[in-house]
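Here the protein sequences come in this chain order: A and B.
So the first sequence is residues 477 to 671, counted in the working numbering.
So the second sequence is residues 9 to 93, counted in the working numbering.
Keep in mind the hints are simulated off the structure, nothing from the lab.
A few of these clues could be false.
[To be verified] Ranges between beta-carbon positions, derived for each pair:
#1 B/T38 x A/S579: 31 to 41 Å
#2 B/S10 x A/T535: 48 to 58 Å
#3 A/S562 x B/V84: 17 to 27 Å
#4 B/V84 x A/K522: 10 to 20 Å
#5 B/V17 x A/F500: 21 to 31 Å
#6 B/I43 x A/G489: 29 to 39 Å
#7 B/V35 x A/G489: 18 to 28 Å
#8 B/V84 x A/G598: 22 to 32 Å
#9 A/H566 x B/S91: 48 to 58 Å
#10 B/V80 x A/A594: 35 to 45 Å
[Stated by the list, open to error] Taking lysine to any residue and the SDA-like style, the derived pairs with C-alpha atoms no more than 20 Å apart in a straight line are:
#11 A/K522 x B/A23
#12 A/K522 x B/T88
#13 A/K522 x A/I510
#14 A/K585 x A/A640
#15 A/K585 x A/L597
#16 A/K522 x B/A37
#17 A/K585 x B/T38
#18 A/K585 x B/L79
#19 A/K585 x A/H615
#20 A/K585 x B/V27
#21 A/K522 x B/V27
#22 A/K585 x B/A23
#23 A/K585 x B/L87
What you are looking at is a predicted structure, and each value in this text was computed from that prediction instead of being measured.
Using N, Cα and C, we set each Cβ at its ideal position, and we do this for glycine too.
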Amino acid sequence: MSTSAESRGVARGHLPGDLAMWFFILAELSVFAILILAFAVTQALKPQLFGESRQLLNTSTGLAMTLSLLTAGLFAALAQEQVRRSRSRHGAVLLLAALLAGSVYVVLKLTEYRHLLASGLGMEHNTFFTLYWILTGFHFLHVLLGMVILGWLAERCRRGLYNAVNRSGFESGVLYWHMVDLIWVVLFPLVYVLN
Amino acid sequence: MSASRLLLVCWAALATLSVCTVVLSQVGATWLLSIAILLVAVGKAWLIADGFMEMRHAPRLWRRLMVSWALVLAAVVGLTLLSIG
């Protein structure tokens, strides 16, 4: 993947954002790795229960949620490109588009949660749904926090507080959103697809 | 390739691979398909890390850490499902 990165100030060997954010991301990824492994081990021990319970989830909804999160990630990354060119107003507009795409995920997830609860498939229904609620609920909270961060970044962009030189905070916020995407692309096949 | 175009290519690849995941799951439920689904997930994680998070420009250690997270996790999940199951 070779780009014109060097020409817009992203030198080789450069770590985007703040170093503290990267340690935070590593910590978050470790926590999710433990939860994902717990899910996989339990599935291996109870394959029939997990197979039957998974049939009650809608894979198409899962796919739509995936696409909305990835689209939000695209807009956030494009906004970062604009900030690096000191076009922070353009960045604000792209972040609002990212928020809109992220909102689609929130609506779909809440609809799915409501449908499951109405069908009596709450946390105490069986082991699959206990882990489903813990894993997806924890991720959902991260999405909500990510949206608050994107909204905050959009407001600061609108006020022109970020530019090609002062952008570390912006990059850290956008990285958080990408981390949420990264976790979801592993979580989605495990919870919705993998039998 | 410009950075914005690269991001669009990454997104298109991610969307295509996401559809592939669902298509693979509807073909059947064999261990081979499960491995294929996990490999697709690793590919998507690599696209996010190298494309969206720009790990392709990052120091080697950080890049390896980020890319290997999904790789190691998928390998352990795959082995768990195959061995215990």
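*Can you let me know if the beta-carbon spacing of B/T38 and A/S579 is within 31 to 41 Å?*
Given a distance of about 37 Å, which is inside 31 to 41 Å, the answer is holds.
*20 Å limit on alpha-carbon distance, applied to hinted pair A/K585 and B/V27*: holds, 19 Å
_Hinted pair, alpha-carbon criterion (20 Å max): A/K585, B/L79. Please report holds or violated._
Judged against 20 Å, a Cα distance of about 27 Å means the pair is violated.
_Distance restraint between A/K522 and A/I510, which requires alpha-carbon spacing of 20 Å or less_ = holds, 18 Å
*Note whether the CB distance of B/V35 and A/G489 lies within 18 to 28 Å or breaks it.*
Violated: the Cβ-Cβ distance is about 43 Å, outside 18 to 28 Å.
*Between A/K585 and B/T38, is the straight-line Cα distance small enough, at 20 Å or below?*
violated, 29 Å
*Whether the CB-CB distance between B/V80 and A/A594 falls inside 35 to 45 Å*: For A/A594 against B/V80, whose Cβ atoms are near 38 Å apart, the range 35 to 45 Å holds.
_Outcome of range test on Cβ distance (B/S10, A/T535; 48 to 58 Å)_ = violated, 35 Å
*asked:* For A/K585 and A/H615, compute the direct alpha-carbon distance and say whether it is at most 20 Å.
replied: Holds. A/K585 to A/H615 sits at ~11 Å (cutoff 20 Å).
*Given the hint that A/K585 pairs with B/A23, does the C-alpha gap stay at or below 20 Å?*
It holds: about 19 Å lies between the C-alpha atoms, which stays within 20 Å.
*asked:* Need the status of pair A/K585, B/L87: alpha-carbon distance at most 20 Å?
replied: Cα-Cα ~30 Å, so violated.
*asked:* Holds or violated: the 17 to 27 Å window for the beta-carbon distance between A/S562 and B/V84?
replied: This hint is violated: roughly 44 Å between Cβ atoms.
Taken one by one, the earlier hints fail for this structure at numbers 2, 3, 7, 11, 14, 17, 18, 21 and 23, listed in ascending order.
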